[in-house]
Amino acid sequence: MTTTDEPRRPDPEALLAAANKARRGRLKVFLGMAPGVGKTYEMLRTARRRKAEGDDVVIGVVESHGRRETEALLRGLEVLPRKPIEYKARTLMEFDIDGALARRPKLLIVDEYAHSNAPGSRHPKRWQDVEELLGAGIDIWTTLNVQHLESLVDVVLRITGVRQRETVPDSALSRADDIELVDITPDELRARLADGKVYVPETARLAADNFFKPENLTALRELALRRMAQTVDDQLIATMREKGVEGPWAAGERIVVLVGGDAMASALVRTARRLSDMMMDAPWTVAHVERPNQKPPSPAAQGRLSEALKLAEQLGGSTVVLTGDDVVASVMAYARRNNVTQIVIGKSRDSRLRELLGRTLATALLRQARGAAVHVVTERGVDDGKAPLVDMPPFSLAGWRGHAGALVLVAVTGAIAGLLDQFATGANLAMIFLLSVLGAGLAFGLWPAVTAAAAAALAYNFFFLEPRLSFVIGHPTDVLTFAVFFVVAMTTGWLTGRVRDQSLRTSARASAIAALLASSRRLSGSATRDDTAHALADQISAAGNAKAIVLLPQGEEIVPVAGAPVLEDLGAAAMAAARWAWEKGEAAGSGTGTLPQTSWTFWPLQGVRNRVGVAGVEANMLRPGSDEEKLVLALLDQGAVALERADLALAAVEAETLRRSDRFRAALLNSISHDLRTPLSTVLGSTTTMIEYGEGMPPATRADLLQSVREEAERLNRYVGNLLDMTRLEGGGLNIREDWIDVRDVLMGAAERVSRRLGKRHIERDFPPDLPPVRLDPNLLEQAVVNILENAIAYSPDDTAIDLAAYEDRNNVVISIEDEGKGIPTAELERVFEKFRRMEEPTDRTKGAGLGLSISKGFIEAMGGRIAAASPIHGDHGTRVLISLPKSPQRPEITP
Amino acid sequence: MSAHHPRVLVIDDEAQIHRFLRAALEAAGFEPLRADTGAEGLREIARAAPDAVVLDLGLPDMDGRQVLIKAREFYHEPIIILSARDRETEKIDALDNGANDYVEKPFGVGELLARLRAALRQRLHAGEPPPPIVKSGTLTIDFPRRLVTKGDELVHLSPKEYDLLAKLAQNAGKVMQHRDLLISIWGPAHVEDTQYLRVFIGQLRQKIEGDPSEPQVIMTEPGIGYRFVTDDMFRILPQA
Numbered sequence: 001m002t003t004t005d006e007p008r009r010p011d012p013e014a015l016l017a018a019a020n021k022a023r024r025g026r027l028k029v030f031l032g033m034a035p036g037v038g039k040t041y042e043m044l045r046t047a048r049r050r051k052a053e054g055d056d057v058v059i060g061v062v063e064s065h066g067r068r069e070t071e072a073l074l075r076g077l078e079v080l081p082r083k084p085i086e087y088k089a090r091t092l093m094e095f096d097i098d099g100a101l102a103r104r105p106k107l108l109i110v111d112e113y114a115h116s117n118a119p120g121s122r123h124p125k126r127w128q129d130v131e132e133l134l135g136a137g138i139d140i141w142t143t144l145n146v147q148h149l150e151s152l153v154d155v156v157l158r159i160t161g162v163r164q165r166e167t168v169p170d171s172a173l174s175r176a177d178d179i180e181l182v183d184i185t186p187d188e189l190r191a192r193l194a195d196g197k198v199y200v201p202e203t204a205r206l207a208a209d210n211f212f213k214p215e216n217l218t219a220l221r222e223l224a225l226r227r228m229a230q231t232v233d234d235q236l237i238a239t240m241r242e243k244g245v246e247g248p249w250a251a252g253e254r255i256v257v258l259v260g261g262d263a264m265a266s267a268l269v270r271t272a273r274r275l276s277d278m279m280m281d282a283p284w285t286v287a288h289v290e291r292p293n294q295k296p297p298s299p300a301a302q303g304r305l306s307e308a309l310k311l312a313e314q315l316g317g318s319t320v321v322l323t324g325d326d327v328v329a330s331v332m333a334y335a336r337r338n339n340v341t342q343i344v345i346g347k348s349r350d351s352r353l354r355e356l357l358g359r360t361l362a363t364a365l366l367r368q369a370r371g372a373a374v375h376v377v378t379e380r381g382v383d384d385g386k387a388p389l390v391d392m393p394p395f396s397l398a399g400w401r402g403h404a405g406a407l408v409l410v411a412v413t414g415a416i417a418g419l420l421d422q423f424a425t426g427a428n429l430a431m432i433f434l435l436s437v438l439g440a441g442l443a444f445g446l447w448p449a450v451t452a453a454a455a456a457a458l459a460y461n462f463f464f465l466e467p468r469l470s471f472v473i474g475h476p477t478d479v480l481t482f483a484v485f486f487v488v489a490m491t492t493g494w495l496t497g498r499v500r501d502q503s504l505r506t507s508a509r510a511s512a513i514a515a516l517l518a519s520s521r522r523l524s525g526s527a528t529r530d531d532t533a534h535a536l537a538d539q540i541s542a543a544g545n546a547k548a549i550v551l552l553p554q555g556e557e558i559v560p561v562a563g564a565p566v567l568e569d570l571g572a573a574a575m576a577a578a579r580w581a582w583e584k585g586e587a588a589g590s591g592t593g594t595l596p597q598t599s600w601t602f603w604p605l606q607g608v609r610n611r612v613g614v615a616g617v618e619a620n621m622l623r624p625g626s627d628e629e630k631l632v633l634a635l636l637d638q639g640a641v642a643l644e645r646a647d648l649a650l651a652a653v654e655a656e657t658l659r660r661s662d663r664f665r666a667a668l669l670n671s672i673s674h675d676l677r678t679p680l681s682t683v684l685g686s687t688t689t690m691i692e693y694g695e696g697m698p699p700a701t702r703a704d705l706l707q708s709v710r711e712e713a714e715r716l717n718r719y720v721g722n723l724l725d726m727t728r729l730e731g732g733g734l735n736i737r738e739d740w741i742d743v744r745d746v747l748m749g750a751a752e753r754v755s756r757r758l759g760k761r762h763i764e765r766d767f768p769p770d771l772p773p774v775r776l777d778p779n780l781l782e783q784a785v786v787n788i789l790e791n792a793i794a795y796s797p798d799d800t801a802i803d804l805a806a807y808e809d810r811n812n813v814v815i816s817i818e819d820e821g822k823g824i825p826t827a828e829l830e831r832v833f834e835k836f837r838r839m840e841e842p843t844d845r846t847k848g849a850g851l852g853l854s855i856s857k858g859f860i861e862a863m864g865g866r867i868a869a870a871s872p873i874h875g876d877h878g879t880r881v882l883i884s885l886p887k888s889p890q891r892p893e894i895t896p
Numbered sequence: 001m002s003a004h005h006p007r008v009l010v011i012d013d014e015a016q017i018h019r020f021l022r023a024a025l026e027a028a029g030f031e032p033l034r035a036d037t038g039a040e041g042l043r044e045i046a047r048a049a050p051d052a053v054v055l056d057l058g059l060p061d062m063d064g065r066q067v068l069i070k071a072r073e074f075y076h077e078p079i080i081i082l083s084a085r086d087r088e089t090e091k092i093d094a095l096d097n098g099a100n101d102y103v104e105k106p107f108g109v110g111e112l113l114a115r116l117r118a119a120l121r122q123r124l125h126a127g128e129p130p131p132p133i134v135k136s137g138t139l140t141i142d143f144p145r146r147l148v149t150k151g152d153e154l155v156h157l158s159p160k161e162y163d164l165l166a167k168l169a170q171n172a173g174k175v176m177q178h179r180d181l182l183i184s185i186w187g188p189a190h191v192e193d194t195q196y197l198r199v200f201i202g203q204l205r206q207k208i209e210g211d212p213s214e215p216q217v218i219m220t221e222p223g224i225g226y227r228f229v230t231d232d233m234f235r236i237l238p239q240a
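So the protein lines, in turn, are chains A and B. Taking the working numbering, I'd label the letters of the first sequence as residues 1 to 896. Taking the working numbering, I'd label the letters of the second sequence as residues 1 to 240.
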């Protein structure tokens, strides 16, 4: 099969693109009660009429079975060529779905809705092909016999004794926009059969005679008619709903079907669906009661249960798992809460004793079900395997170590009993043997405990009951002792063994829960998409004990980003399945209805809002319905949410960055606009004043104007210098030339540079006589200090002091600059070193653009120092800026 | 103060601007008054009732626009706005809110004083009939006779061209916004059709300017409108 896999595979991308673009096509089903009623004939006749009316009608596939009337109808219609598919050395001519998608007619005729495709086709079932074609916007007409409906499988089996293998889910019929019933009477059909007008394969001649019995046909006809009537009802209801008619259709029937892990589960689900059909599609729920204090169901029962729940979802029902030890109470509580009117239960065989006592589930429910009808379904017609009466771990000698261990324990206790023989009576010795049974139960489980019980009883009899060393029991009282001992030993072994097995199972479940918890912690701890994807792949791989892969969207495509144990290259087939899962939002690959030939299964990762990616598992390792599969599915949910969160976080960060850079640009523009133009205004204004009116001006005024021009030119120079410094800091062009310097020299230089701008303020210097030299760039430090001093000048009133100090503090030399301005609000302290941060209303607006402090910070940090601001420092006002410079580990060599 | 020394209030937060404006205004025969904030400016307008106000739109305490709107509730003398070149909407908004004119920063002091004089003169002649004849360089417009001459030559204008030129000349010295020109010449339906103006101003310049590529009579105020400049007005040559 695998050899023919690749060439047969269509181009999934093209398919998907086509499938997603178009509107959904309309589906019309020609429904009949049995083969031979003329569905295909009727369909083709109608199709010809449509063709004659000018519609684009194409035959996708029609089985004429050599009937001449049918072939006559096909003449003149465009028929798509079939596609050869090699299967087991035979060539099957199958419907070519890719050809149909490429041809894209308005109306496509696809016969036999329930047909199973040849293995290796894209979809296992033809109804899935039809679904895809509808999705691509092509109208489809098809034919269906009522016996192929999934929910009727049991009924049909009962009626005809034939189990249908080719089935169509009921939902596939519900999706039909139109259903046309092709009906003839059973007698007519039989007449046609007798005339050889009904195609029956030679091999099935005998079965056919059985099938076409009048009573069968009548029953099937009733089924078909009822299904048709129901569709008419549905359409009526839909119309009423559309027109807003409040009607009795909202009568509020609600059905609950109670299932367990027994063989009836699936049959019960089908019964519920039929009941729902009869009650105008009343909502129906499949309920299972989990009893926490009962032993967990066997794997087989678990499998049947999950099968039933899955079936329920396929048939359009909802499912619920209730918890409670009292089944009746749990169900009734649920029923009352949800206004349930119909309760369906199965009558299973292990309740025969209870039945005699009048204590069956049915009678208990009937007693309590006020207002609700209780339907009891018997198990006739269920051809499933018989469920074992009691579920227990299968007995096997494969675990021979447990049994051997149990025997060793019995031998040890026997020896102890022998030692104590003189001091103890027979009953006490028996108690010692019991110890071995308990021990075996706890250590090895149920079956070894039973072995130990048997061995202990025999050993006790053989060694300690008179006559000794024989299995004969002498005293009649000893018979009683032996019997009691045997029962007690067996019971003890049974109970302890079960306790152990159960606790093992509990701990297995606990470890699964722990795995989930751990993964949720790891997933929520992952910051980025990729981290999350890797965490998810690891967790899935560990939980499913299989290879796992996570694919995330990148542009239009999805690409593998994380794999466990390692990221492997997916083949083209697996990638196609992954893409399908991504585009369609449904599982694809092995074990699903789409591209099942690959070894991987892919699930979409569905977040709360969006589909965020696809996760895949090398599927043949995962049993459907197993704990591993459940754990993996739970992990997928968690992973999807975590990935979505990571996406959202990323989007938020991007938005914030964008917002910041926007704000920055606005601040920069504003700064340039104001801080360049204002000094230019003064320069231009002053010089033009001199030009226009300089002649008659007093010399003092002229000097003042010239002074003003100079000051503003200097201000411009400072601003341009700041912008350049900023650019160098940001652009990485900062060139640090380190040298051994005395901080005091730098501070005096800085004070000198700002002296002309001090006005009526003055600088208080406080330098210690001795200060260790530090190694850094003196020019950068001076500029940093100048900027802080200018800031202090700009924000402090006249006649105040600015304190400039330096001192040694452990491994640092600290520079402190204090002013008596009005201070900085605490909330702003953190941000005064940001670019273009400027306090409102400085007393001197010649200060600058709010770049100075951010440049100081940049310079100081570039040299390995730190800078911080504190405010207020004098009661309610004043600001202190501290610059901390690290002392160098080694001193400069001083050569005298 | 006497009419010989009109008092001009400068509202600006920049000390340096006050510094040279005071010198320039005094030298040009005005009496300068000073306010550093918007609130102080409004108080000074109310208290001193200056003959004109120079208002910087970028004030620290309140939006200069708000100062303008509040002032116009009780003050009717000329207000000249100081604004940056790239803020057309700000200028248009100021004109709509009652500013008489604007000067772009950075500005030469001559330009500001010319605008100030023009505004004061318009205020002085408000209510009087417009002068029958307006001159600019060699151009003469005789309104009663609808005659336009350049030197000795008669200039032939289409009716729309004449209407446009007359509208500008009657408001000589003042910036005329695109919108106002369009409404008065072409009607309210054409308020958006600034391309009309481009075409007609271009034709007018061809006919009345000595060198249409360097207009001396009809000046363009980018993004705002046009201004008719007369002889007695301080002519501002484009900055190099």
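It should be emphasised that the hints constitute simulated quantities derived from the structure, not laboratory data. This structure is a prediction, so every number in the text was calculated from the model and none was measured. One or more of the hints may lead you astray.
[As the list claims (entries may be wrong)] Cβ-to-Cβ under 7 angstroms is the rule here; a few derived chain A residues that face chain B:
1. 123
2. 481
3. 680
4. 699
5. 770
6. 826
7. 829
8. 877
[Stated by the list, open to error] Each pair of labels, with its calculated beta carbon distance range:
9. B:98 with A:875: 57 to 65 angstroms
10. A:762 with B:127: 27 to 35 angstroms
11. B:214 with A:864: 55 to 63 angstroms
12. A:730 with B:183: 47 to 55 angstroms
13. B:61 with A:748: 46 to 54 angstroms
14. A:730 with B:96: 37 to 45 angstroms
15. A:659 with B:135: 36 to 44 angstroms
16. A:730 with B:214: 42 to 50 angstroms
17. A:531 with B:222: 30 to 38 angstroms
[Claimed, not checked] Selected chain A positions facing chain B (in silico; Cβ < 7 angstroms):
18. 673
19. 681
20. 693
21. 708
22. 801
Idealized CB from N, CA, C, for every residue including glycine.
Now the hints, each set against the structure:
1. 123: 61 angstroms, violated
2. 481: 108 angstroms, violated
3. 680: 4 angstroms, holds
4. 699: 12 angstroms, violated
5. 770: Hint violated; residue 770 (chain A) Cβ to chain B Cβ min 43 angstroms, cut 7 angstroms.
6. 826: 23 angstroms, violated
7. 829: 22 angstroms, violated
8. 877: Cβ of residue 877 (chain A) sits 20 angstroms from chain B, so the hint is violated.
9. B:98 with A:875: 57 to 65 angstroms: 46 angstroms, violated
10. A:762 with B:127: 27 to 35 angstroms: 59 angstroms, violated
11. B:214 with A:864: 55 to 63 angstroms: 60 angstroms, holds
12. A:730 with B:183: 47 to 55 angstroms: 50 angstroms, holds
13. B:61 with A:748: 46 to 54 angstroms: Given a distance of about 38 angstroms, which is not inside 46 to 54 angstroms, the answer is violated.
14. A:730 with B:96: 37 to 45 angstroms: Since residue 730 (chain A) and residue 96 (chain B) have Cβ atoms about 41 angstroms apart, the given range 37 to 45 angstroms holds.
15. A:659 with B:135: 36 to 44 angstroms: 57 angstroms, violated
16. A:730 with B:214: 42 to 50 angstroms: Holds, at about 43 angstroms.
17. A:531 with B:222: 30 to 38 angstroms: Given about 55 angstroms between the Cβ atoms, the range is violated.
18. 673: 6 angstroms, holds
19. 681: This hint holds: residue 681 (chain A) lies near chain B, its Cβ roughly 4 angstroms from the closest one there, short of 7 angstroms.
20. 693: At about 3 angstroms, which falls below the 7 angstroms cut-off, the nearest Cβ of chain B leaves the hint on residue 693 (chain A) intact, so it holds.
21. 708: Where the cut-off is 7 angstroms and the nearest Cβ of chain B is about 5 angstroms from residue 708 (chain A), the hint holds.
22. 801: Since chain B brings no Cβ nearer than about 23 angstroms to residue 801 (chain A), farther than 7 angstroms, the hint is violated.
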